[in-house]
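Working from the sequences, and respecting the hints, build out all of it.
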Amino acid sequence: MTASEAVASGEAVVMATTSPDVKANELRWLGSGDLDRDATLVLPLGSTEQHGPHLPVSVDALIAEYLARELAAQRRDDVVLAPLMPYGSSGEHAGFAGTVSIGQGALEHVLVEFCRSATETFSGVFIVNGHGGNQQPLERACELMRLESRRVRAWSTSYVGDAHAGHAETSMMLRLHPQGVDMSRAEVGNTKPLRELISDMRRGGTRAVAPNGVLGDPTTASAEDGARLLRELNESLVADFDRWRAGRPQ
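In terms of UniProt numbering, the sequence shown is residues 1 to 250.
Rather than coming from a laboratory, the hints here were simulated on the basis of the structure. The beta-carbon is built from N, C-alpha and C at its ideal position, and this holds for glycine as well. Hints are supplied without guarantee of correctness; some may be wrong.
[Stated by the list, open to error] The following label-pair restraints were derived from C-beta to C-beta distances:
(1) 185 to 140: 29 to 39 Å
(2) 37 to 187: 50 to 60 Å
(3) 220 to 149: 40 to 50 Å
(4) 178 to 136: 28 to 38 Å
(5) 203 to 248: 36 to 46 Å
(6) 147 to 97: 31 to 41 Å
(7) 106 to 224: 20 to 30 Å
(8) 121 to 188: 41 to 51 Å
(9) 192 to 76: 36 to 46 Å
(10) 147 to 106: 19 to 29 Å
(11) 224 to 146: 13 to 23 Å
(12) 183 to 236: 24 to 34 Å
(13) 184 to 247: 49 to 59 Å
What follows is the structure, encoded as structure tokens:
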């Protein structure tokens, strides 16, 4: 049973237990014959940022890593899994202890150089992104890679509901990493739609609209909802990868 199957069945999962056949950091040099040059390198990309008083700063990274591991396990003949990149662009969460951001410019540069180097070895790079703040640097990096005729694709988590550290993310963490969740400290944050908050957030960051760092209501979270959300994300991710791998329009 894969970790995603365990999630779907309702069994407890403490992070992903499925292992892909090949991990990039375990490869030897090409002369050993370890690597299929037609393989795609899958890179999980997260962030290290506050997620309210009840969740760890690694939420986005843990979710991205889980989904990337599941993709690599389900498409093991086509994929090599890269180690997690746990830092991203999280300037909107500045001022909260625990947030560590490398900024948009640095992230874009790292991604460009990573993909340039990786595509010398692999047929392409597929990035599994778990943080919305990484989206613009990702888009710019992918566009440059396209202009350089390199096969690079980024997929980002997306779900209906509250925006940050609320019901959705707390539910997924209750399924994936329950020991990292302290529901006794969960509290309602700003529950307005993100579109109504974004202008204030651009001026003053998350703290300007949610002093506790929460955009949503984590108190309603459940592991059952987390299992459903993870299953839907996994299905979306695998479908997107298959379309891209086959060269079909996205």
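Regarding residue 203 and residue 248, is the given constraint of 36 to 46 Å on their beta-carbon distance met?
-> 41 Å, holds
Could you tell me whether the CB distance from residue 37 to residue 187 stays inside 50 to 60 Å?
-> Holds, since residue 37 and residue 187 (Cβ atoms, about 51 Å apart) stay within the stated range.
Determine whether the Cβ-Cβ distance between residue 220 and residue 149 falls within the hinted range of 40 to 50 Å.
-> 47 Å, holds
That 31 to 41 Å hint for residue 147 and residue 97 (C-beta), does it hold up?
-> 40 Å, holds
Would you say the C-beta atoms of residue 192 and residue 76 sit inside 36 to 46 Å of each other?
-> For residue 76 against residue 192, whose Cβ atoms are near 43 Å apart, the range 36 to 46 Å holds.
Per the hint of 19 to 29 Å, is the separation of the Cβ atoms of residue 147 and residue 106 within bounds?
-> 21 Å, holds
For the range 29 to 39 Å, tell me whether the beta carbons of residue 185 and residue 140 fit it or not.
-> About 37 Å separates the Cβ atoms of residue 185 and residue 140, which means 29 to 39 Å holds.
Just tell me: holds or violated, for the beta carbon distance of residue 121 and residue 188 against 41 to 51 Å?
-> Cβ of residue 121 to Cβ of residue 188: about 48 Å, so the range 41 to 51 Å holds.
Could you tell me whether the CB distance from residue 178 to residue 136 stays inside 28 to 38 Å?
-> 33 Å, holds
State, for the Cβ atoms of residue 183 and residue 236, whether the hinted interval 24 to 34 Å holds or is violated.
-> Cβ of residue 183 to Cβ of residue 236: about 27 Å, so the range 24 to 34 Å holds.
Do the beta carbons of residue 106 and residue 224 sit within 20 to 30 Å of each other?
-> 39 Å, violated
Go ahead and decide if the range 49 to 59 Å is satisfied by the Cβ distance of residue 184 to residue 247.
-> 50 Å, holds
Violation of the numbered hints given earlier is confined to hints 7 and 11; the remaining hints are satisfied by the structure.
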